[in-house]
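4 protein chains.
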Amino acid sequence: MSVKQWLYVQLVPEARASGISRLNLFIVAIVLASFLFLALETEPTLNTDPRWMRAFDVFNITVLGIFAVEYVARLWVAGLDPQFKGIGGRVKYVTRFYSIADLLAFAPELVVMALGGGGSLLVLRVLRLARLVKIARFVPAFDALGAALRRSSSQLLTSLAVALTLVYVAAVLLYFVEGVGGEHQEQFASIPRAIWWAVATLTTVGYGDVYPVTPLGRFFSAIIAIAGIGVVALPAGVFASAFSDELRERRERGPNP
Amino acid sequence: MSVKQWLYVQLVPEARASGISRLNLFIVAIVLASFLFLALETEPTLNTDPRWMRAFDVFNITVLGIFAVEYVARLWVAGLDPQFKGIGGRVKYVTRFYSIADLLAFAPELVVMALGGGGSLLVLRVLRLARLVKIARFVPAFDALGAALRRSSSQLLTSLAVALTLVYVAAVLLYFVEGVGGEHQEQFASIPRAIWWAVATLTTVGYGDVYPVTPLGRFFSAIIAIAGIGVVALPAGVFASAFSDELRERRERGPNP
Amino acid sequence: MSVKQWLYVQLVPEARASGISRLNLFIVAIVLASFLFLALETEPTLNTDPRWMRAFDVFNITVLGIFAVEYVARLWVAGLDPQFKGIGGRVKYVTRFYSIADLLAFAPELVVMALGGGGSLLVLRVLRLARLVKIARFVPAFDALGAALRRSSSQLLTSLAVALTLVYVAAVLLYFVEGVGGEHQEQFASIPRAIWWAVATLTTVGYGDVYPVTPLGRFFSAIIAIAGIGVVALPAGVFASAFSDELRERRERGPNP
Amino acid sequence: MSVKQWLYVQLVPEARASGISRLNLFIVAIVLASFLFLALETEPTLNTDPRWMRAFDVFNITVLGIFAVEYVARLWVAGLDPQFKGIGGRVKYVTRFYSIADLLAFAPELVVMALGGGGSLLVLRVLRLARLVKIARFVPAFDALGAALRRSSSQLLTSLAVALTLVYVAAVLLYFVEGVGGEHQEQFASIPRAIWWAVATLTTVGYGDVYPVTPLGRFFSAIIAIAGIGVVALPAGVFASAFSDELRERRERGPNP
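For the record, the sequence lines run as chains W, R, F and C. Here the first sequence stands for residues 6 to 262, numbered as in the working numbering. Here the second sequence stands for residues 6 to 262, numbered as in the working numbering. Here the third sequence stands for residues 6 to 262, numbered as in the working numbering. Here the fourth sequence stands for residues 6 to 262, numbered as in the working numbering.
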């Protein structure tokens with residue numbers, strides 16, 4: 006087996022019957038670590054410390070290098086797949102969704118860095134979210150998500166319409182009771198502000214930054230909460246159950262039917 | 006095909022086998038936009054700005070005009086339906102629930118505006134919620150809501166009775182522990198106030214404006230929370246499941262059986 | 006039909022094939038009103054106002070009178086049921102759970118009032134909760150609750166054990182991270198206090214009176230929240246589903262099998 | 006029946022067809038009481054009071070003694086089981102997971118106490134959590150937990166990946182809207198801090214220590230809350246349903262198949 010063939014089996018998930026190769030597992034680990042570092046890099050207590058900043062720089066350059074090498078290697082071995090053979094095949098390969106995400110995951114930052122930019126521009130760092138696609142390839146759930154959305158789309162739309170109507174009507178009601186009448190609370194002084202309250206209440210998040218204070222407002226609020234919680238949870242429940250059905254069906258069909 | 010016939014097919018949903026016509030889609034979009042504007046209009050940071058106020062006025066007059074034209078057009082083409090033919094048919098048409106809602110959606114505001122009133126009277130703006138009925142006609146879920154209520158009514162009533170009993174008993178208990186005894190908290194100083202706490206806790210909203218502070222109050226509160234959350238969520242769950250069953254059955258029966 | 010027979014059919018639910026008689030509906034309404042008044046009576050802004058106090062007194066005396074008359078009437082007509090005939094039967098009738106609750110619902114307060122006591126003693130008012138039993142007789146759900154508890158008892162106990170273990174272990178963990186170490190937060194200074202946090206978090210109530218502030222505490226807290234919410238909701242879910250199954254089975258069996 | 010045989014039947018759960026012996030019930034009660042005391046011992050308002058401290062000391066020494074006697078007794082009667090007969094059998098017995106937990110539940114504290122240490126060292130008290138294993142032996146649910154984890158592992162992993170991705174992406178979004186832009190809120194000043202908000206919101210705990218204040222932040226937050234709550238509840242739901250299935254199957258199989 007040539008190096009190219011070995012790399013092909015290591016890099017291309019479709020070349021394996023099941024499971025994930027060691028090289029791809031390593032890439033997944035790098036991506037997860039890069040998300041951890043992306044988070045830490047934004048923390049003021051760390052990114053003002055020269056030692057941490059140095060660690061971030063070393064890590065980022067290493068990761069960009071690994072992804073660049075990975076990209077070139079994937080491009081090289083892609084030729085072993087008949088549909089990506091030759092120049093035409095490679096063009097087809099490079100313009101795939103997955104390949105574009107692979108490129109966005111390192112190229113822009115590398116280019117800016119090479120041009121002398123700090124490589125720490127915020128907008129460039131957001132592009133690192135494209136690395137999610139790198140993992141998505143190995144987690145079957147990521148395309149099960151799409152399938153679940155499609156299979157429940159009509160039910161989802163109707164239940165979403167009902168939930169949003171309830172949020173809107175609840176907000177209008179409390180706007181009149183607490184904002185226009187009542188104690189003229191700042192937080193209920195307009196319908197958009199009351200919508201913020203309605204979402205926080207009906208999803209049961211209840212931050213506590215907004216709540217009715219008049220007896221009448223509390224009375225309506227209590228009725229809305231008891232009656233409405235199930236309705237607002239409906240779209241999420243419909244989607245969760247479609248997703249769960251999709252995963253079960255896939256498991257029953259076996260890994261690669 | 007005459008203009009009247011074309012308008013009939015465009016305006017009357019029953020004239021189509023399935024889907025929604027372009028004209029009706031436009032009307033739905035107008036209604037949604039009018040709800041967005043109704044919300045924005047109440048926002049103090051916008052409705053004190055002359056440019057926004059002008060935008061609101063232009064939008065409102067346009068929408069009222071569109072709905073007036075729509076109403077007249079619907080009245081005109083209704084004659085193509087045998088049951089609404091002639092004067093008697095039109096009287097029958099005009100007194101339908103849908104037609105009354107269509108009229109309330111624009112007429113009162115238009116009349117007040119014509120008489121020189123600002124058209125911005127609060128109570129008149131609330132009548133715009135009647136426009137929800139305009140959309141309801143095109144979302145099958147809105148009458149599935151009613152069917153779900155009917156099919157689960159007895160289960161719903163019993164589970165609601167149990168939930169409300171739990172809320173009441175929990176409130177009485179905490180009223181004695183925190184309001185009468187304990188730290189004499191203002192927030193637990195009466196049963197109605199304790200009911201507000203019980204609803205916020207048992208629906209898990211938990212704003213944080215009221216909570217027990219004595220060890221005994223926290224002890225009972227913890228037991229009530231762990232044991233009672235499922236019970237208070239019961240009515241919402243019963244309704245959600247009836248609604249979901251109703252939607253699934255309708256989908257299985259096909260669009261127009 | 007004699008007055009006694011008419012009263013028997015009106016008062017004893019078992020004498021009817023289904024539904025509820027007008028007299029019993031009136032009694033249910035009185036009980037519900039008395040719960041509303043019991044709540045209002047404790048409200049400081051009302052019970053310091055002489056007019057409201059007078060209204061409360063008039064209402065309470067009226068209700069006590071109605072329940073006294075009802076009790077005597079039930080005792081009289083009970084003789085039409087063979088098992089409660091004669092003196093021996095009446096003794097058996099009077100010592101039933103339902104009859105004792107009926108007596109507790111008015112007698113102690115009436116006696117204290119007759120002896121010149123204010124009738125507003127707190128402990129006496131709590132006895133009014135016995136009136137719940139009066140309604141329970143007409144809501145099939147109240148004994149479905151007991152049946153649901155029995156049918157799911159073993160599942161309920163195991164899931165409760167798992168939930169409480171999780172609450173305890175989460176509390177011990179956060180006690181060490183936030184109370185002993187960390188910022189030495191008052192609110193996490195002992196395991197019982199940390200249990201209060203754990204219950205508020207794992208039931209998703211989240212009042213906001215207690216929350217971790219150190220990065221480590223937030224890290225563990227986030228893991229506990231994501232992993233544990235389903236586990237703590239398990240007992241409530243098990244009971245809710247048993248209750249819902251019980252209600253459905255009863256409906257399928259018909260009203261009076 | 007010799008004392009050894011009687012003790013064997015009392016101590017070893019496998020020696021009984023079903024249920025739990027009186028001696029083991031007593032040990033479970035002691036363990037539960039020791040968890041209650043472990044909690045109370047950490048409470049500053051109690052552990053600074055000499056009388057409570059004395060009560061804690063007496064209780065702890067008693068419990069340690071009981072567990073020491075129990076350990077020796079279990080070791081003695083273990084010989085009646087052929088696989089633990091003789092010296093070799095006892096070595097096998099002593100190195101079992103359950104026996105190690107039994108030893109950790111009292112030995113370290115007893116040794117430190119004998120050496121003159123106060124026995125109240127924090128780290129030693131944590132070892133008392135090993136006593137959970139003592140109860141786990143009698144609650145079938147504790148090993149049903151492991152079985153539920155195994156049976157749903159692949160579904161659990163995928164749904165967890167989706168949930169964590171949603172938490173991360175929501176945090177990145179709000180970090181930009183509220184932390185970088187907006188009001189430059191301290192609480193959203195880095196991605197890790199925004200993750201704390203995302204977990205509190207998407208699990209619906211909503212402490213209220215962090216929430217968006219800008220209109221744009223609230224807009225995204227509302228969408229994330231309505232759309233995401235079901236997704237983040239998915240892993241917990243998957244596990245809860247696997248646990249519930251496992252319990253039902255075990256019940257259907259009978260106690261000791």
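Don't read these hints as lab results, they were simulated from the structure. Check each hint, because a few of them may be wrong.
[Claimed, not checked] Chain R is faced by these chain F residues, among others (derived, beta-carbon under 10 Å): (1) Pro49; (2) Leu108; (3) Ala194; (4) Arg198.
[Said to hold, decoys possible] Derived SDA-like pairs (lysine to any residue); straight-line CA-CA distance at most 25 Å: (5) Lys90(R) with Asn29(R); (6) Lys139(W) with Leu85(C); (7) Lys139(C) with Tyr173(F); (8) Lys139(R) with Pro197(W); (9) Lys9(C) with Leu85(C); (10) Lys139(C) with Leu161(F); (11) Lys139(C) with Pro197(F); (12) Lys139(W) with Ala60(C); (13) Lys139(C) with Ala232(C); (14) Lys139(R) with Leu178(W).
Backbone N, C-alpha and C fix where the C-beta goes; we use that ideal spot for every residue, glycine too.
Under the constraints set out in the numbered hints, which ones does this structure not fulfil? The structure breaks hints 2, 3, 6, 12 and 13; every other hint is satisfied.
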